[in-house]
Amino acid sequence: MIKHTKPNAFYDTFTRKGPGQKTTHYCPGCGHGTVHKLIAEAIDEMGIKDQVIFCNPVGCTTFLHYYFDTGHVQCPHGRAPAVATGIKRTLDDSIVISYQGDGDLAGIGMAEIVHAANRGENIAVFFVNNAIYGMTGGQMAPTTLIGQETKTTPFGRDATRDGYPIRMSELLNTLTAPVFIERCSVGNATSTLKTRKAIKKAISNQKNRKGFSFVEILSPCPINWKMNAIDSRKWLIENLEKFYEVKNFRDVDTGIKSHGRFPFLDDKELFELLEVSAANEKKAQKQLKKIGEHKVKIAGFGGQGIMSVGVLLANCGKTAEFNTTWLPSYGAEMRGGTAYASIVISDETIGSPVVDKPDVLIAMNAPSLETFENDVEKGGIIIVNSSIVPKKVTRKDVKAYYVPATEMANNLGLTAAAAVIILAFYAKLTGVFPVDVLKEVLPLSIKNKKYVEVNQRAVDAGETFFNEYKE
Amino acid sequence: MKKLMKGNDAIVHGALLGGATHFFGYPITPASEIAQSGAYYFTKAGRTFLQAESELAAVNMILGSASAGARVMTASSSPGIALMGEGLSYLAGSNLPSVIVNIQRTGPGLGYIWPEQSDYNMVVKGGGNGIYKNIVLAPNSVQEMADFAYKAFELADKYRMTVMILSDAYIGQMMEPVSFPAKVLKSKRKDWSVYADAESRTNLISSIHMTKEALVDNVDNLLAKYKKLEEDIVEYEETSTDDAEHIVVAFGISSRVALTAIRTLRAQGIKIGLFRPKTLFPFPKKRLLEISKSLKSIISVELNEGQMADDIELAVQCSVPVKRLGWYGGVVPSVTELVDKIKKTI
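Residue numbers (the numbering used here), protein chains in the order written: chain A, 1 to 471; chain B, 1 to 346.
It should be emphasised that the hints constitute simulated quantities derived from the structure, not laboratory data. Check each hint, because a few of them may be wrong.
Derived DSSO-like pairs (lysine-lysine); straight-line CA-CA distance at most 27 Å [claimed, not checked]:
1) B:Lys286 - B:Lys125
2) B:Lys190 - A:Lys207
3) B:Lys158 - A:Lys268
To give a feel for the contact side, a few chain B residues facing chain A, derived at Cβ under 8 Å [claimed, not checked]:
4) Thr43
5) Ser65
6) Phe180
7) Ser206
8) Ser334
Derived Cβ-Cβ restraints for the label pairs, each shown as a range [stated by the list, open to error]:
9) B:Gln51 - A:Phe301: 29 to 39 Å
10) B:Met1 - A:Lys290: 22 to 32 Å
11) A:Lys449 - B:Gln51: 30 to 40 Å
12) A:Thr349 - B:Asn129: 36 to 46 Å
13) B:Asn129 - A:Gly163: 20 to 30 Å
14) A:Thr190 - B:Glu213: 41 to 51 Å
15) B:Pro321 - A:Gly163: 51 to 61 Å
16) B:Ala182 - A:Glu471: 48 to 58 Å
Every value quoted in this text rests on a predicted model; they were computed, and no experiment measured them. Note that beta-carbon positions come from the ideal geometry of N, C-alpha and C, so glycine has one too.
Between the sequences and the hints, there should be enough to build the whole structure, so can you do that?
Following this line, the structure appears as structure tokens:
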């Protein structure tokens with residue numbers, strides 16, 4: 001039984017509309033007025049007016065806020081399901097209604113509706129399909145029938161040129177997540193009553209946290225169909241309802257839907273999660289060695305742990321209370337064979353993190369030495385992993401050191417520790433920070449704790465090798 | 001105790017402490033670590049992370065979440081930001097706050113994943129349709145990635161605007177030690193948001209206006225807000241500018257290379273300084289004009305063809321020659337190269 005009083009979910013006077021505040025802006029015979037009323041009555045019956053937020057689409061129903069006494073967010077063309085997602089993920093208890101036309105939903109917004117449905121967003125989507133663009137004045141919609149004349153198909157929609165009409169309910173019914181999909185019609189009183197039921201079901205699904213509900217409503221557009229109100233309803237029943245089968249496609253109860261939330265952490269817990277201390281603890285300032293700006297480049301094969309040893313070095317610099325930067329090589333060059341990390345350790349503010357002229361080059365493989373030998377500053381240092389680099393340093397204006405690091409690491413039982421051995425050697429050689437700093441930082445940098453001990457032995461091995469090193 | 005971390009991770013840390021509760025992301029190199037870090041920390045902290053189906057969807061999820069009063073963010077890189085142009089314009093037209101991070105890469109088109117600063121015009125001038133601006137912050141260190149992300153949400157809420165953190169692939173990918181503030185910031189209830197309750201029921205978030213008067217009014221309000229920003233939030237940093245005859249103007253990674261370059265040049269007896277805008281919109285026009293009077297030249301150093309240089313020229317009103325040193329295609333000049341080029345320029 002359709003009531004003929006104005007639902008409470010509508011404004012009494014449409015003050016937002018401008019002139020004509022007692023009537024809608026819809027054309028005579030348009031289906032939107034009917035659909036609006038069915039939604040407003042459902043909102044009234046469920047007593048949820050305060051919770052409702054409409055996502056106003058682009059099209060004839062951009063102006064939902066003229067009529068519905070609820071919250072509104074006006075969305076870009078086709079994006080209402082994404083906007084609805086944003087609202088719903090922010091306000092669990094809201095009732096979010098995405099009201100969209102066929103151009104909006106099945107044309108420009110195809111991606112947004114499919115993905116919102118696929119995520120099972122707990123929203124209600126009302127899709128008014130009148131097989132034509134209304135607001136822009138009667139152009140072809142994705143749902144325009146074959147042969148149907150519109151302003152952009154003046155000779156009728158031709159499947160070979162324009163493609164076929166899209167059946168959205170059937171398309172969404174291929175997805176797993178939706179709980180309710182029904183195609184309805186406002187072609188006559190009986191079908192309108194069924195539409196009323198479907199609309200209420202979709203909203204109550206949301207209220208009960210069931211998930212994504214989609215109601216497609218076949219609706220007349222007399223002006224753009226170039227018919228009167230009565231003929232347009234007849235055409236709807238004889239043509240649209242014939243191509244777009246009016247039926248329920250899905251009505252399942254998958255239980256209450258939740259998005260698997262973790263508990264909301266308070267401030268203290270948040271600091272713990274981020275592993276940053278809330279209090280600005282003052283540590284005793286360590287005596288800074290005057291080192292100026294000290295630039296290191298570590299280079300080798302991808303997989304030799306070049307990046308992580310670079311991070312270890314930067315962490316040592318940080319722990320020794322210097323300023324420090326670490327910059328990786330990344331992208332295509334990493335796949336080409338030579339990976340390198342640039343590290344700057346300095347007792348002043350660091351300018352460029354790019355190390356083009358290193359004070360120290362650590363060459364873990366032969367291509368690294370070839371590529372970067374000439375870049376090293378005059379009087380600089382080159383440390384070579386002599387286990388796998390057969391070449392000697394040719395420059396006479398730098399100091400070269402040869403550490404058979406891979407061999408030593410193999411003896412310890414962990415090839416990957418080679419770079420750590422060299423780092424210990426480097427620390428002793430340059431004195432930028434004591435080897436103790438390396439020992440302190442190392443356990444914090446290794447994720448798999450079973451490798452801590454062998455890496456500590458690698459530090460010892462590097463230190464011993466330095467103490468016994470003969471130039 | 002400072003924590004050594006990547007610029008991209010620092011963004012997420014700063015944002016969470018700055019009160020961000022929602023992150024709608026979409027992966028793209030070299031910004032993906034922000035989405036990855038967001039997926040871990042936002043989720044674990046009981047906040048919301050959701051991977052959208054596109055940048056377009058992400059920015060529209062932001063529109064929804066910001067309408068509902070949340071402190072919300074996303075991060076992307078140049079082509080992804082271009083795709084968000086539609087949403088950026090709607091956010092501005094609807095007076096919505098949001099925080100969007102751009103880890104710039106090379107263009108045009110797909111370009112490549114190396115750093116460039118060629119989104120300056122797109123981001124600083126707007127990016128979408130209509131008359132509008134974003135607040136644009138330009139960090140040049142990992143510390144500033146954290147600091148700017150932290151304060152961005154306050155700025156966004158205060159001015160009801162998008163705050164764009166305009167960074168680049170190097171600042172995003174590099175690691176430095178970072179310290180963090182001791183206070184977690186929180187969003188207050190906003191009288192214009194839709195909260196799905198009786199109090200906010202009549203609120204309308206919209207950028208459509210059906211009369212010329214209302215359209216003019218809306219833009220006038222935006223312009224007044226932008227003018228106020230020039231009084232309120234301009235930030236810059238000067239190094240060795242006191243007695244300088246020349247200054248380099250640079251932001252982001254360029255300013256880091258430039259800092260070492262001017263130190264080198266000073267050591268050679270050249271009176272040169274560095275002026276670094278931290279806000280690109282509003283641009284530090286006043287201060288540039290003020291200091292330009294005693295200068296022989298200004299050199300704009302950018303990873304593009306000289307986009308910021310146009311703004312410098314406008315700011316100094318032709319009182320001093322503005323020279324352009326630009327690199328692009330992923331090339332970041334070495335200190336040596338920059339020093340040589342500056343010497344030839346001045």
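Starting from the hint 30 to 40 Å, judge whether the C-beta atoms of lysine 449 (chain A) and glutamine 51 (chain B) obey it.
32 Å Cβ-Cβ, so the 30 to 40 Å window holds.
Can the restraint linking lysine 158 (chain B) and lysine 268 (chain A) be considered satisfied, given a maximum Cα separation of 27 Å?
Given that 27 Å is the threshold and the Cα spacing comes to 26 Å, the pair holds.
C-beta pair glutamine 51 (chain B), phenylalanine 301 (chain A): status relative to the range 29 to 39 Å that was hinted:
holds (33 Å)
Pairwise hint evaluation, lysine 207 (chain A) against lysine 190 (chain B), where the allowed Cα distance is 27 Å at most
It holds: about 25 Å lies between the C-alpha atoms, which stays within 27 Å.
Against chain A, with CB atoms and a cut of 8 Å, does the hint on serine 206 (chain B) hold up?
holds (4 Å)
Chain A contact restraint for threonine 43 (chain B) - C-beta distance below 8 Å:
holds (6 Å)
Quick check on the hint: phenylalanine 180 (chain B) CB to chain A CB, less than 8 Å?
holds (4 Å)
Looking only at beta-carbon atoms, does the pair alanine 182 (chain B), glutamate 471 (chain A) fall within the given range of 48 to 58 Å?
Cβ of alanine 182 (chain B) to Cβ of glutamate 471 (chain A): about 51 Å, so the range 48 to 58 Å holds.
Serine 334 (chain B) as chain A interface residue, shortest Cβ-Cβ below 8 Å:
Cβ of serine 334 (chain B) sits 4 Å from chain A, so the hint holds.
Given the hint of 36 to 46 Å, is the C-beta distance from threonine 349 (chain A) to asparagine 129 (chain B) inside that range or not?
holds (41 Å)
CB of proline 321 (chain B) to CB of glycine 163 (chain A), is that within 51 to 61 Å?
holds (58 Å)
Do methionine 1 (chain B) and lysine 290 (chain A) keep their Cβ atoms within the hinted range of 22 to 32 Å?
holds (24 Å)
Of the numbered hints given earlier, the model fails none.
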